[in-house]
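Asks: Residue strings, one per chain:
2 protein chains.
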Amino acid sequence: MAERIPVGVERLFDFVTAVFSKIGLTETDARITADVLLAADKRGIESHGVARLQRYVDHIEQGVIRLDAKAETVKETAVSLVIDGHGGMGQVVSYNTMKRCIAKARESGLCLASIRNSNHYGIAGYYTLMALAEDRIGISLTNTAPLVVPTFAKDALIGTNALSFGVPAGKERPFLLDMATSTVPRGKLEVFARKETAIPDCWATDETGAPSQEAAHVLNNLKQRRGGGLLPLGGARELTGGHKGYGLAVLVDILCGVLSQGAVANETYAHAEHPARVAHFLGVIDPDLFAGRAVVAQKMEQYIRLLHAAQLADGCERVYVAGEKEYEAAERNKTRLTLQAKVFHTINAIGKKYGLEIPADSA
Amino acid sequence: MAERIPVGVERLFDFVTAVFSKIGLTETDARITADVLLAADKRGIESHGVARLQRYVDHIEQGVIRLDAKAETVKETAVSLVIDGHGGMGQVVSYNTMKRCIAKARESGLCLASIRNSNHYGIAGYYTLMALAEDRIGISLTNTAPLVVPTFAKDALIGTNALSFGVPAGKERPFLLDMATSTVPRGKLEVFARKETAIPDCWATDETGAPSQEAAHVLNNLKQRRGGGLLPLGGARELTGGHKGYGLAVLVDILCGVLSQGAVANETYAHAEHPARVAHFLGVIDPDLFAGRAVVAQKMEQYIRLLHAAQLADGCERVYVAGEKEYEAAERNKTRLTLQAKVFHTINAIGKKYGLEIPADSA
Chain A
1 MAERIPVGVE
11 RLFDFVTAVF
21 SKIGLTETDA
31 RITADVLLAA
41 DKRGIESHGV
51 ARLQRYVDHI
61 EQGVIRLDAK
71 AETVKETAVS
81 LVIDGHGGMG
91 QVVSYNTMKR
101 CIAKARESGL
111 CLASIRNSNH
121 YGIAGYYTLM
131 ALAEDRIGIS
141 LTNTAPLVVP
151 TFAKDALIGT
161 NALSFGVPAG
171 KERPFLLDMA
181 TSTVPRGKLE
191 VFARKETAIP
201 DCWATDETGA
211 PSQEAAHVLN
221 NLKQRRGGGL
231 LPLGGARELT
241 GGHKGYGLAV
251 LVDILCGVLS
261 QGAVANETYA
271 HAEHPARVAH
281 FLGVIDPDLF
291 AGRAVVAQKM
301 EQYIRLLHAA
311 QLADGCERVY
321 VAGEKEYEAA
331 ERNKTRLTLQ
341 AKVFHTINAI
351 GKKYGLEIPA
361 DSA
Chain B
1 MAERIPVGVE
11 RLFDFVTAVF
21 SKIGLTETDA
31 RITADVLLAA
41 DKRGIESHGV
51 ARLQRYVDHI
61 EQGVIRLDAK
71 AETVKETAVS
81 LVIDGHGGMG
91 QVVSYNTMKR
101 CIAKARESGL
111 CLASIRNSNH
121 YGIAGYYTLM
131 ALAEDRIGIS
141 LTNTAPLVVP
151 TFAKDALIGT
161 NALSFGVPAG
171 KERPFLLDMA
181 TSTVPRGKLE
191 VFARKETAIP
201 DCWATDETGA
211 PSQEAAHVLN
221 NLKQRRGGGL
231 LPLGGARELT
241 GGHKGYGLAV
251 LVDILCGVLS
261 QGAVANETYA
271 HAEHPARVAH
281 FLGVIDPDLF
291 AGRAVVAQKM
301 EQYIRLLHAA
311 QLADGCERVY
321 VAGEKEYEAA
331 ERNKTRLTLQ
341 AKVFHTINAI
351 GKKYGLEIPA
361 DSA
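From first to last, the protein sequence lines are chains A and B. For the first sequence, the working numbering assigns the number 1 to the initial residue and increments by one for each residue that follows. For the second sequence, the working numbering assigns the number 1 to the initial residue and increments by one for each residue that follows.
In isolation and in its complexed conformation, chain A is listed as follows (with noise of 0.2 Å):
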C-alpha cells in the first residue's frame, strides 16, 4: 500500500481553485473545475480526482484545453440544446450546459444536450448528481480519447465512453451508475502493470487482436499505436457478450458526438496540441412526466431494499446498488480525505510555481 497523506477537502478545494485561477481560469470557473476533481477523490475515484491535475495543466498550456473559448449555443429548442465547447474545459461548458437542462426541464419536464469540442469533463457522475440534487432523473455522457477495440478488430477505435444515469430514491441513496462502456479503464491496466498480476482476458487484446494477460504490453501497445487495446464490456468474443459492450460504446459516440456534429471514435484527440474534440451528452428528466417524483422515490425506496435483502452468493457479503459505494466514500471523505503521498507531491509542486502551498491536515 502506497503512502497517503490526509488533507482536509475544503483547503484542497480552495487550493486547487488557487491554481486553476492563477492558471487562467475565471474564479467561477476554477471553482467549477476543482469541484468536479474534488468530487471525484471524495467519491473513491482517484483516476478521476485532483491526480490529473498536472494533466489538466498541460493540457492548457499545450493549447489541447483553450481558456479564451466561449462556449455557443447551436441550437436550441425547449427540450434541447447543442452546445459548441470551442475547445474550452470540459468541466465548465458541462456544469453550465447542465444547469440549463435543469432550468428547461423545470419549463418543459426534460431537456437533452448533445456538447461538442470539448475536453475531458471529470467524472460523468458529477453532472448526473446535479439532477439528483434538483430530484430529477440525470443523465450524463461521454466520449474519450480512442482506446478501445471494436470487437474483432485489431486496433484501438473508439473510446472507453462513459454512461452515468441517477435515479432520485427518496430516503436512500440515489440509484447513480457511472460506468465506462469498456470491462475496466485504462488505469486499472496501469494498476495490474505496476503490480505485474496476470490481468483477466476480457480486459485488453494484444497487437495480433488477441486477449492479452499482460497489462504492461498492452499499454505499451496503446502507447506506442502497436495494435490492441482495452476491450468493450463482455470481452473479445461474441461468446462473453463483447458486441454488446462495443454496441454500448458507439451508441454514447454516436449522443455525444454524431448528435452534436462534433468528433467521434479516433477523431478525438487526433492531434497533439490541438482541442481534443471530446464530445457529451447531458440530460434531465423530471418525474412528473411519469408517475411523479413522490411515486418513483417510493417505489425506487422499495426495489433498492429488495435489493439489499437478497439472499447472498456463498462467500458475497452485500448486495450493492449502482453508486452506493461511491456515496459511501464520499461520507466518509466528507471534511478530510486522504492522497496518494505521489499525488499530494505532484499538486504541491504545481502550486509552489504559484506561491501556493497545500498543507497536509495532520488532525
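Honestly, the hints are just simulated from the structure, not real lab data. Hints are supplied without guarantee of correctness; some may be wrong.
Identical chains blur together in the list; that is why a pair holds if it fits in one copy or across any two.
[Said to hold, decoys possible] Calculated pairs, SDA-like style, for lysine to any residue (alpha carbon to alpha carbon, straight line, at most 20 Å):
no.: 1; residue 1: Lys75; residue 2: Ser108
no.: 2; residue 1: Lys352; residue 2: Asp58
no.: 3; residue 1: Lys223; residue 2: Thr77
no.: 4; residue 1: Lys325; residue 2: Arg237
no.: 5; residue 1: Lys171; residue 2: Asp135
Go by the hints and put chain B onto chain A.
Replies: Just chain B now, kept in the frame of chain A:
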C-alpha cells in the same frame, strides 16, 4: 443441425394472423402481433419468433394475457406518455404507443413513454424499427421475468431486461442495438444444454451463487427456484465488469417499471394465471432537435464506414455494426424463410384446431 422447413413469409403471416384472430384478437391486433413475431424470424432471432406462438396461446388461455383489456392513458404531456396495458397483448399496446410517440415527436421533437401492466412484447428492436422507418431515433426497453442474479446475490431477482436503440444512417443500414443486459438470454443455455457443452463462466451461476459450466443444471435450478440464474453482462465478478451489466439491468427496470408505477424485478410473472405485469419504455427522438437529420445521416455513414474499414484481429473475418447481422438476415428472408421442423409442426398443430394450415413452401 435440426431439419428446417421453408415457408413463404406472406403465407406464414396470414396463417399467424388467422390463428390470433381465431383466438380472439381483432383483425388489426392479430396483424400487429403476427408482424412482430415474423420480424423476429426474418431477422434471425428465432427465439422471439413464431416459435413462441404456443406460449402466447397458453398465456391467453391462462389469463396471463387478457384479450378484453383496453389500454389506458394514465398521463400525457407534449413529450411523454404513461400507459397502463391492463394485462393485454404486449405487442399491441407497444405498437400503438410507439405510433403515438412518433406522432407526438413530430410536434415536440421527442416523446418518451413508460408502459405498465403489459406482457411479453416480442423483440425490443421491432419498436425501434418503427421509429427508424420515420427517419427518427428509436428507443425500446423492456423488463422480463426474473432470471438474472444481481452481482454477489444468490437468487435470480431481476430480468434479462433488454434495451434497443436505433439511429438512422443515411445510405448505410441504421445502427440498431438490440440486446439483453444479461450476458446471454435463457434460450442460449437451452441450446448448450441440448448440446451438452460447457458454458463460459460469465453466463450463469449455480445454487451456491458460483459460476456454473452446466447449462442443464442452471435451467433446472431456475425452474425449481433453487437458486442461481443468468449473469449480468460482464459475469459474476466486479473484476470482469458484472456490476455494470447489473446496473444496466436495473436502469432498464427503473425506466420501464418504476416510471410507469408498474412492476419491477421479481414482481413480474409473480403469479401464475395472472397478468405478467411486464413493463416497457419506448421513445422517439427527432435528430432535427440536434445536428439535424441530414447531418446525422452523413456522420453515421462515415462512422459505420470507419468501423467496417477497421483492421481485423488475427483470425477474424469482419467487423460488424450493431444490427447488421439482423438486417442481412432480413434481406435473405424477405419472401421466404425456414423454420425448425419442430416449430413448423407445433404451429401447424395449433392452426389445425381452428381449421388452419400453413403449407410448407416447396418452391
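Asks: Compare the structure with each hint and give your call.
Replies: Do the hints match the structure? See the list:
Within a single copy, Lys75 and Ser108 get their C-alpha atoms as close as 16 Å, and across copies as close as 15 Å, so both meet the 20 Å cut-off. Proximity of Lys352 and Asp58 under a CA criterion of 20 Å is satisfied intra-copy only: 16 Å inside one chain copy versus 75 Å between copies. Within a single copy, Lys223 and Thr77 get their C-alpha atoms no closer than 42 Å, and across copies no closer than 51 Å, so neither meets the 20 Å cut-off. In this homomeric assembly, Lys325 and Arg237 come within 20 Å of each other (Cα to Cα) only across copies, at 15 Å, whereas the closest approach inside a single copy is 30 Å.
In the homo-oligomer, the alpha carbons of Lys171 and Asp135 lie at most 20 Å apart inside one protomer (12 Å), although the nearest pairing across protomers, at 42 Å, exceeds that limit.
Checked against the numbered hints listed earlier, the structure breaks hint 3 alone; every other hint is satisfied.
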